[in-house]
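On the provided structure of chain A, position chain B as indicated by the hints.
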Amino acid sequence: MDALESAAALGAALLVAGSAAPLARVPAATALAMQAVGIGLLGGVGAAVLFGAAPVGAGFRDGLEPAFGIDGLTGFFLVTIALVALPSLAYARDYLRDARNERWLLALGGLFLVSLGGVVVARDPSVFLASWELMTMAPAAAILVRRTDAEARHVVFVYLAITHLGGAGVWISLLTLAHYGALADPGALTGQGAAVQTLVIVAALVGFGTKAGLVPLHTWLPRAHPVAPSHLSALMSGVMVAVAIYGLVRVLFEWAAPVPLWVGPALLALGLLSALSGVLLALVQRDLKRLLAFSTIENVGIVALALGASLVFLHQGDRTWAALAFAAALLHTLNHALFKSLLFLTAGSFERAAGALDLDRLGGLLRRMPWTGGAFLLGAAAIAGVPPLNGFVSEWLALQALVHLGFGPSLGTGLAGAVAAAGLAATSGLALYCFVKAAGLALLGEPRTPEVASAVEPGATMRLAPFLLGGACVVLAAVSGLLLPTLAELAPGSPALAAHAGLEVPGTGSLPAPWLLVGIVVLTAFAWRLRGGRRADPMPAWACGQRVEPSLRWTSAGFTKPIVLVLQGVLRPVRAVEAVREGGLVDSIAYRGEVPHLFDVHLYRPLRSRALAAAGTVRRIQSGSVRAYAAYLLTLVLALLVLVRVGAIG
Amino acid sequence: MTFVAALIQVLGGLALGPLLVGMVQSSKARLQGRRGPSPLQPYRDLRRLWGKSGADPQPTTIVYRLAPCLVAACTALALLLLPIAGRAPDWSLGNDALVLVGLLALGRFALAAAGWDTGSGFSLMSSGRDLTFAVFAEALMALALLLAALPAASTDLVAMAAAAGGSSPWAEPAHWCAAAAFALVVLVETGRQPIDNPDTHLELTMIHEGPLLEYAGRDLALIQWSAAARHWLVLVLAAELFAPHWGGFWEQLGWLALTLPALCAALALTETAQAKMRILRVPGLLAGGCALALIGLASALVGGLV
Numbered sequence: 001m002d003a004l005e006s007a008a009a010l011g012a013a014l015l016v017a018g019s020a021a022p023l024a025r026v027p028a029a030t031a032l033a034m035q036a037v038g039i040g041l042l043g044g045v046g047a048a049v050l051f052g053a054a055p056v057g058a059g060f061r062d063g064l065e066p067a068f069g070i071d072g073l074t075g076f077f078l079v080t081i082a083l084v085a086l087p088s089l090a091y092a093r094d095y096l097r098d099a100r101n102e103r104w105l106l107a108l109g110g111l112f113l114v115s116l117g118g119v120v121v122a123r124d125p126s127v128f129l130a131s132w133e134l135m136t137m138a139p140a141a142a143i144l145v146r147r148t149d150a151e152a153r154h155v156v157f158v159y160l161a162i163t164h165l166g167g168a169g170v171w172i173s174l175l176t177l178a179h180y181g182a183l184a185d186p187g188a189l190t191g192q193g194a195a196v197q198t199l200v201i202v203a204a205l206v207g208f209g210t211k212a213g214l215v216p217l218h219t220w221l222p223r224a225h226p227v228a229p230s231h232l233s234a235l236m237s238g239v240m241v242a243v244a245i246y247g248l249v250r251v252l253f254e255w256a257a258p259v260p261l262w263v264g265p266a267l268l269a270l271g272l273l274s275a276l277s278g279v280l281l282a283l284v285q286r287d288l289k290r291l292l293a294f295s296t297i298e299n300v301g302i303v304a305l306a307l308g309a310s311l312v313f314l315h316q317g318d319r320t321w322a323a324l325a326f327a328a329a330l331l332h333t334l335n336h337a338l339f340k341s342l343l344f345l346t347a348g349s350f351e352r353a354a355g356a357l358d359l360d361r362l363g364g365l366l367r368r369m370p371w372t373g374g375a376f377l378l379g380a381a382a383i384a385g386v387p388p389l390n391g392f393v394s395e396w397l398a399l400q401a402l403v404h405l406g407f408g409p410s411l412g413t414g415l416a417g418a419v420a421a422a423g424l425a426a427t428s429g430l431a432l433y434c435f436v437k438a439a440g441l442a443l444l445g446e447p448r449t450p451e452v453a454s455a456v457e458p459g460a461t462m463r464l465a466p467f468l469l470g471g472a473c474v475v476l477a478a479v480s481g482l483l484l485p486t487l488a489e490l491a492p493g494s495p496a497l498a499a500h501a502g503l504e505v506p507g508t509g510s511l512p513a514p515w516l517l518v519g520i521v522v523l524t525a526f527a528w529r530l531r532g533g534r535r536a537d538p539m540p541a542w543a544c545g546q547r548v549e550p551s552l553r554w555t556s557a558g559f560t561k562p563i564v565l566v567l568q569g570v571l572r573p574v575r576a577v578e579a580v581r582e583g584g585l586v587d588s589i590a591y592r593g594e595v596p597h598l599f600d601v602h603l604y605r606p607l608r609s610r611a612l613a614a615a616g617t618v619r620r621i622q623s624g625s626v627r628a629y630a631a632y633l634l635t636l637v638l639a640l641l642v643l644v645r646v647g648a649i650g
Numbered sequence: 651m652t653f654v655a656a657l658i659q660v661l662g663g664l665a666l667g668p669l670l671v672g673m674v675q676s677s678k679a680r681l682q683g684r685r686g687p688s689p690l691q692p693y694r695d696l697r698r699l700w701g702k703s704g705a706d707p708q709p710t711t712i713v714y715r716l717a718p719c720l721v722a723a724c725t726a727l728a729l730l731l732l733p734i735a736g737r738a739p740d741w742s743l744g745n746d747a748l749v750l751v752g753l754l755a756l757g758r759f760a761l762a763a764a765g766w767d768t769g770s771g772f773s774l775m776s777s778g779r780d781l782t783f784a785v786f787a788e789a790l791m792a793l794a795l796l797l798a799a800l801p802a803a804s805t806d807l808v809a810m811a812a813a814a815g816g817s818s819p820w821a822e823p824a825h826w827c828a829a830a831a832f833a834l835v836v837l838v839e840t841g842r843q844p845i846d847n848p849d850t851h852l853e854l855t856m857i858h859e860g861p862l863l864e865y866a867g868r869d870l871a872l873i874q875w876s877a878a879a880r881h882w883l884v885l886v887l888a889a890e891l892f893a894p895h896w897g898g899f900w901e902q903l904g905w906l907a908l909t910l911p912a913l914c915a916a917l918a919l920t921e922t923a924q925a926k927m928r929i930l931r932v933p934g935l936l937a938g939g940c941a942l943a944l945i946g947l948a949s950a951l952v953g954g955l956v
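Chains as they are written, first to last, in this note's numbering: chain A, 1 to 650; chain B, 651 to 956.
Bear in mind the hints are in silico, worked out from the structure with no lab data behind them. Certain hints may be false.
Reference excerpt, derived from the structure (chain B facing chain A, CB under 7 Å, subset only) [said to hold, decoys possible]: (1) A722; (2) P739; (3) L743; (4) G744; (5) S770; (6) L774; (7) L796; (8) T805; (9) R868; (10) L951.
With a Cα cut of at most 25 Å, we get these calculated SDA-like pairs of lysine to any residue [claimed, not checked]: (11) B/K702 with A/K561; (12) B/K702 with A/C544; (13) B/K702 with A/L523; (14) A/K561 with B/R928; (15) B/K702 with A/P540; (16) B/K702 with A/L530; (17) B/K702 with A/G569; (18) B/K926 with A/G569; (19) A/K561 with B/L854; (20) B/K702 with A/R531; (21) B/K702 with A/P538; (22) B/K702 with A/R529; (23) B/K702 with A/F526; (24) A/K561 with B/L852; (25) B/K926 with A/W528; (26) B/K702 with A/G533; (27) B/K702 with B/P687.
Don't be surprised by glycine CBs; every beta carbon is placed ideally from N, CA and C.
The shape of chain A in the complex, shown without the other chains (with noise of 0.2 Å):
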């Protein structure tokens, strides 16, 4: 056993040791230090072994024997779990201290981190589902532990049964590819015909699709993620997608591969309408925390553009670009778990100190939370995409892959390339506009109501996490073109990419990222110089000579009117104007505008309907009387012995 193995061993151990502890009564601050320094060291042996040290532990195995190992994939989503991971549980210091239930929140916040853990460490289907499986329980359990009320319940019932549907192409996929021994050995899928080969693909796109939120499988995600504690959020948008995307990757590039052709247009697809759909009805969001939901899947949808390209250059033999656009969705999975994981933690802080996340009852929080709002607001530019964060350099290496997608030679792959491109710039623009209003509302202008007036600062561990994740974001955009070579390496058949300090790219101008960073931060600082501080008294906006009253305040949709109504043929939004009259005078007006999520109202409502209707009717066979029964059974006899008088069985 060599050093990283034992390394491995010791941060699996006391991780699993720090999720049992609070409830033996140990001191939470020991079972948090005991769980972060677990997932620390695994984390530290993925970036070993993502760097070049050998595998750790076990190759994969088709039989049902546990095994455990950690390669070059593995240990890149280790690192992405450990570095959002270290500070969640900072976070839940102050977060969970004398919140009810504190020890079984900590305890299966642990669970949590072990699950997630054991599907990427898994190196047989055992482990890989059972880790699966628990990655699904111990949010909804840590839901059901902190809320109780009816609408908590709902939702991790919709929450289950969602991912438990989905889930089980997760099943199907993994133990048809154990059964034909393609776990061990990813050539042995090929030659078992192409219909066994679309089952494990379609599968595992619906079964991990619905996990990491594409849509149409995605209308659990902007629910469940919300309502979870705020530690969880983070680790729910900013990893378990992850996680899901890990899974996704390893059929489609190593278990099943080489896979077919139409895969990565059809990925393609899904990235795009996800990407576009998420980023949409983020934007016509005023639950902070479900903004931040819908606007996850957004950024599934771009990892998806990303992975659909790659897979389309394997197929044309452009094997540079393949591993570029493998790339692209492997830095922007950790970048989006990066600044996620960050606006998820601000934003349970700003619950905490305002009482309500509502968009429209924020306003004011940067002065209030100079901490807290200065790091939501660098997160707030990271996930709109500006450069140059991190957000940018991903989001630039996704539209670049595309582009040149569109650059031939075939007709369909280069119209696909370059809609699928536009459609990235667009998601962008969209996400862009989606977070300056969320800033905007939250941390800018006067407070609305008197409990954001009074808020405060949170704890110091409340403070400080935030902070590492943006100081992460920042450093990761510095270092990617560092990065890049590295997780090029991870894509089946890569060539070897020489490191820079900025992202040198074939077929571009390359960005570099660094000096970018350096640019801008120098020129802004002379303009600042060279503006000089002479300002006239402080005096209030202009509003055409009026005060501003606080209920004339623009509303978030206030300032998403303009593209609500360019594409309100898509958005459908509902507006009901009603005005109460009382003897011929309007007394009050009630207002109500909304925009509905579409995929509630057109897709998953009729099939839950239609799915009740069923379950009706076929309960009607079960009238309750011995009689009936008895004649069923004497039927399914008769109807037997038919089938065996004809030859059909037996």
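Just chain B now, with coordinates in the frame of chain A:
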């Protein structure tokens, strides 16, 4: 020669933007039968603003104070990515077309956030519209740049400019489609009619002017300069990628000097001939541009350009 290119890149970008704006304004006035201001008027405006003190609407934070500097910084940085007459010095910032688009987006982010900081209804109304247009404009820009990058198979602006030289690109329908699509990009990014009316004084119709209402003095001067520099940026880009040019560096420089006034005159002509569109119609126009670009791409792929 690279040194001359660097000189024009920096000095031209810093100093000639306001001249382009002035040229559009004065030729527009001539076309409308007015005497109009001299082409140097934007410089006088900037000097006047530079001498005034800044405004401080209450309550604002550092976001409001930082936005003009950030807008100026990212515009200045974008100027350094732009090749002049097919040449660009190595600032180690790269010359990528899509990075340039990203830098323009950063300016939009800063101004819209500043609008939220003041809470002024006019700036928020305008930035909502601006961001709505930007959604479609970014898609259009991605497609137009994709088409322009097609002959060089690279989004490096230097390679793109080199591939656009001579007369051979004009034999391709794709190039014409890309040029038409990019013309729309120029209109959006410069905020000209029929997309936006830069001369409006009516707050309710403003798009690009709205977020400026709360600024005064040097803050306003920085933003006005950035808007002028954006004219330089997109017009030089249009000249490098979509205007005919031949020969070596000096000939191309001559072509650039001829093309820029011509493009300004074309903008003035559009402004005179076209009324401002209804705001909700603009995305349709931009989507039409996207469709045109896709048709161009289809023709290029069928014709085997690559």
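Margin query: Under the constraints set out in the numbered hints, which ones does this structure not fulfil?
Written below: 2, 11, 17 and 25
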